[in-house]
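**Q** Here the protein sequences come in this chain order: A and B. Numbering of the first sequence is given in the numbering used here, commencing with residue 1 and proceeding in unit increments. Numbering of the second sequence is given in the numbering used here, commencing with residue 1001 and proceeding in unit increments.
No wet-lab data here; the hints were simulated from the structure. Just so you know, even glycine gets a beta-carbon here, dropped at the ideal spot from N, CA and C. Worth double-checking, as some hints may not be accurate.
Only pairs whose alpha carbons sit at most 27 Å apart, straight line, appear in this in silico DSSO-like list of lysine-lysine [said to hold, decoys possible]:
id : chain 1 : residue 1 : chain 2 : residue 2
1  : A       : Lys297    : A       : Lys400
2  : B       : Lys1144   : A       : Lys23
3  : B       : Lys1120   : A       : Lys23
4  : A       : Lys297    : B       : Lys1082
5  : B       : Lys1082   : A       : Lys419
6  : A       : Lys419    : B       : Lys1065
7  : A       : Lys373    : B       : Lys1144
8  : B       : Lys1065   : A       : Lys159
9  : A       : Lys419    : B       : Lys1120
10 : B       : Lys1144   : A       : Lys111
11 : A       : Lys400    : A       : Lys63
What follows is a list of derived Cβ distance ranges for each label pair [said to hold, decoys possible]:
id : chain 1 : residue 1 : chain 2 : residue 2 : range
12 : B       : Val1123   : A       : Gln248    : 51 to 59 Å
13 : A       : Ile368    : B       : Leu1043   : 22 to 30 Å
14 : B       : Tyr1036   : A       : Val386    : 34 to 42 Å
15 : A       : Asn372    : B       : Leu1043   : 46 to 54 Å
16 : A       : Val386    : B       : Ser1062   : 48 to 56 Å
Partial list, computed: chain A residues near chain B (C-beta under 7 Å) [to be verified]:
id : residue
17 : Pro20
18 : Arg83
19 : Ile87
20 : Asn194
21 : Asp195
22 : Ile198
23 : Gln253
24 : Ile416
25 : Ile418
26 : Lys419
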Amino acid sequence: MIGIIDCNNFYVSCERAFDPSLKNVPVIIYSNNDGAVIARSEEAKAVGIGMAVPMHRVKQLMKQHNVKGFSSNYTLYGDMSSRIKSITRNFFAAVEDYSIDESFVSCDNLKCANLFDYVKDAQDSISRWSGVPVSIGVAETKTLAKLANRMVKKQFREKGVYIIDTEEKRIGALKATDVHAVWGIGRRIATKLNDKGIFTAYDLSLVDTDWAKANFSVVFQRTVYELKGVSCIPLELKQPGKQFIASQKSFGQFQTEFKPMAEALATYTTRVAEKLRRQKCVAGGIAIWLGTNNFSKTDKQYFPKIHTVCDIPTDYTPYLIKRAIEGLNVIYDKSYIYKRVGVMLTDIRHKSDGTLNLFYEQSRSKEITIINKVDHINRLNGRDTVRSSAQGFEDDWRMKQENLSQFYTTRLSDIIEIK
Amino acid sequence: MNSENISLYKFKKSETELPLFLSTIQAGFPSPADDYLEEVISLDDICITHAASTFFGRIKGSSLKDICIYEGDIAVIDKSIKPENRDLVICAIDGEFNAKILHTDKVKGIRLLSANPDFKPIVINELTDFRIWGVVTFVIQNIKNRSYDWHY
């Protein structure tokens, strides 16, 4: 059997875990640049706030129902996600981290007399220990487990667990689910299926698998098999080694000048370099790119990209920034209006790996000392306390995050207050 | 090193990697201590049993002064521990975090006590909006900064 552990309203729950005044009130989270709604509490859904709706269209509703809104605090959500995944491993030996708020787990070979009691205890503990409520759906296949999880959210919220372990329950769950809500079925395929008279997951589970392959694809055929109860999407237990680390963000306002874009690029490069060092890795190459506003019908479009190789694989921020800015110089053209800049570290390997320090031992050990000191100071006093001057000190390019909550779990100055 | 009942140990900063050998490869004699080195002691090992469910909080106010916990102290809170009678717990009351001593008593029911006579005990009945957020396991105090507070 396969289980899926899914955090309920994950972003909202993270905020609530550290701010008890948010209990039972409508809460929403804004997307990057505070542009649209990306997460809603149940209360917010109830007052009619839609998903992905632009902020200016919910302002009225927010005022009317006293809805609390937050900029997305990915520092907090990311840390809570890794805590939840670590706790999950106390209960399940085989775990596939599927997304920031979902993990698939194997429910075979658990040391328990009763599967429901075991899963219920796990659900309760993960929720309590992390402070973020989770639901668990269990079934023969991943696709059915996702369906079971949907059943929890729709019908068994209080229980938090639903196990599809009989033919009756499988058919019941299939019949209760629209075909577009099946894992792996997109809107486009759902419309096609509707045209062919297939409306529920149950209808889909009855189709012939050869027909599914012939008319759609192998991937789609797998979904049909999985709904029938035949598992064909196994758990992916080994995390594929990270081959690249990337950061791309849109500007708070469009940019044409070189300087603010270079500052933004230096800042994103600093972020990916920090991530690189946390993974105890070095990068052999760096790619950067620019983008104009592809939604605009009038602006000239330009999406240049450049990849450069480092002299030696490194994790040293100043060097990486230097290479990034050099790259920007090559692709920058001042006749365009830019919306975003991105940076990606490539050829990532473990820092103990290979040739790197042989010829540069002296300078390299100095770099390590410096960058460790910088990381230490920034960890204690907050990000960018010590920074490269290339990052600049004005920030009109920066993402709009006007209502960001604190970094409760990762910054000492931001921890909760206790009276 | 012992002085009466206090032993002194070498401490390490958490996550700092110290090499487990002293001598360098290039030249000279290997240190005779190389074979006897052990991992240094870490404060994390002492204060944190369940890292994933451990959070920090800063104490405000004086409600715990009688058990010598003061404003500015940092509480180490473990959410995975089941609260027991007389534990110092963090609860969410009326939208705020409070540190209280949990009392469960057959006659008096559940009460939350402060360690300061100025604060009245809170009796938990079904109507009180109350839940235990976590159990305090350690408190970190900056004693050096406080040495002027005492009259010794």
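**Q** Now tell me if each hint is right for this structure.
**A** Going down the list of hints, with the structure as the test:
no. : hint                                : in the structure
1   : A:Lys297 with A:Lys400              : 24 Å, holds
2   : B:Lys1144 with A:Lys23              : 39 Å, violated
3   : B:Lys1120 with A:Lys23              : 25 Å, holds
4   : A:Lys297 with B:Lys1082             : 59 Å, violated
5   : B:Lys1082 with A:Lys419             : 21 Å, holds
6   : A:Lys419 with B:Lys1065             : 12 Å, holds
7   : A:Lys373 with B:Lys1144             : 24 Å, holds
8   : B:Lys1065 with A:Lys159             : 41 Å, violated
9   : A:Lys419 with B:Lys1120             : 14 Å, holds
10  : B:Lys1144 with A:Lys111             : 50 Å, violated
11  : A:Lys400 with A:Lys63               : 21 Å, holds
12  : B:Val1123 with A:Gln248: 51 to 59 Å : 55 Å, holds
13  : A:Ile368 with B:Leu1043: 22 to 30 Å : 24 Å, holds
14  : B:Tyr1036 with A:Val386: 34 to 42 Å : 38 Å, holds
15  : A:Asn372 with B:Leu1043: 46 to 54 Å : 19 Å, violated
16  : A:Val386 with B:Ser1062: 48 to 56 Å : 36 Å, violated
17  : Pro20                               : 3 Å, holds
18  : Arg83                               : 4 Å, holds
19  : Ile87                               : 5 Å, holds
20  : Asn194                              : 44 Å, violated
21  : Asp195                              : 48 Å, violated
22  : Ile198                              : 43 Å, violated
23  : Gln253                              : 36 Å, violated
24  : Ile416                              : 4 Å, holds
25  : Ile418                              : 4 Å, holds
26  : Lys419                              : 5 Å, holds
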